[in-house]
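Q: Full structure from sequences and hints, please.
Listed below are the residues making up each chain.
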Amino acid sequence: MNQRSRPIKLRFRDSYITTPRLPISKDWMIRVLNSLKGQKIALLVDREGSTDPFKSFIDTLIETFQELGCLDSGKIYYFDNAPCRYLFTKSGLTKPIHIDQALNNIKNIQDLVIISDAGAARRNYYSKRLLDTILFLDSIREAHKCYWLNPVPGFQWKYSTAEDIAKHVDMISLDIAGLERFASTINVSS
Amino acid sequence: MDLYIRKVWSRPDIVVSQIIRFERSFGPDAFRLACHCSVLPAITPELVNLININFLGGYNINPIHEANFLLSDACRPLFLHQMYMVEPISREVLLEELQDLPKISWKRPFEIAEFLWYYLESSPHKNSEIFPVYWYQYKLLYFTALAYLDPNTAVLEIEELLKSAIDNSSNCRVSEQGVCELFALLSDPLFATNLIDTYHDLYINTHLLARIEMEETDGIAKELKGLPSDIKYTIYPEILKHIEHKL
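Chains as they are written, first to last, in the numbering used here: chain U, 1 to 190; chain F, 1 to 247.
Treat the hints with care, as some may be off.
Claimed, not checked - If you want the footprint, here are the derived chain F segments under chain U, 3+ residues with CB under 8 Å:
#: 1; segment: 37 to 49
#: 2; segment: 57 to 65
#: 3; segment: 110 to 121
To be clear, the hints were calculated from the coordinates, so they are not data collected in a lab. C-beta atoms are modelled at their ideal positions from N, C-alpha and C, and glycine is treated no differently.
A: Printed below as a string of structure tokens:
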């Protein structure tokens, strides 16, 4: 902002808030998830365009897991829409790895957490996405206990692919109550 | 005479039905947020969140509506994400609706412009993560704030930008079409300027430039003759040489 020679005087307020606020603050996340400290999980994160508005929120959650020691290096993969033939090791959906190789890398980790809107963000229903997701969930059911964290609240899952995916996996809204339920559920099953 | 660049914008009837569908799907809170965000022609998830916090805190709007707006037909995501263009006609409709919202005064767009100015001025390190990539969007936001807060300076700087774009100056990182679009998006708040001759110059020259860019220069003479006689304007030499034979 260097073009002007004189600054503009604020007329309406003395200042404005320029620090964004997450739906759940990082402090709250740490407080709620503290019981998971040291407990190892693997993460699969949806980086398709519809999760883009939630990027800061999801990234903060990932950081929280890392700070709690839940997430070792190489145990987080990214996907586009549904985990299919390839996952990605970089969050920009680069450095692909075959899904079998990725699953082999996390075979010793019991708890697998998926972070995705499952189609709820755009309120779309795609049968292919549903089918691909169900096939994936069925393929990992024996080796892993699977949890699905959805940044879209439950009241917006209706008539989207998320509503039907939720019948095949424990899908939890990423709000405080949901995160508390996730923490207590994952503790009980471990 | 409508600015020619508007021809590539969406049809208003389609946009209105999209906006109605948005309000019906997500409710009045989401609609209120969308109206506020529409002051900005380019927007990020962070800016939507900050507009919610600064102007709609009392309504306790569910944060999901920030995503609902960004993922709606009113916004178009750009390639590297985290930056969205607000569809121009959606923006116009929502801006009109903003003035009609209950308990919202005519000052609200100016307040949001002032917030935008404060945000751009006060967070240079944050801005540097996104704006070197999205230089045009940065200029759009800068000029949006300036158009509302100081339209006189805005018209002068946009005139400078346009001439620089036409001259193909190596320092100018905004294309001719970019400046045409920028002016069209901000023509309403800019009309408050005292420098009305400069405004008319910008209006006519960006209009003609858009026609030249789209290779649709027939009928220019008739169009210019049809302008009210009290409108004074000068056609820039670089543009004149493209259309002289049509006048």
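Q: Run every hint past the structure and note whether it holds.
A: Results for each hint:
Closer than 8 Å: that is the beta-carbon criterion, and the segment 37 to 49 of chain F has 4 residues meeting it against chain U, so the requirement of 3 holds. As drawn, the segment 57 to 65 of chain F meets chain U at 3 residues by the rule of a beta-carbon pair under 8 Å; at three or more, the given contact holds. With 9 residues having a Cβ less than 8 Å from any Cβ of chain U, the segment 110 to 121 of chain F passes the three-residue criterion, so the hint holds.
No hint from the list above goes unmet by this structure.
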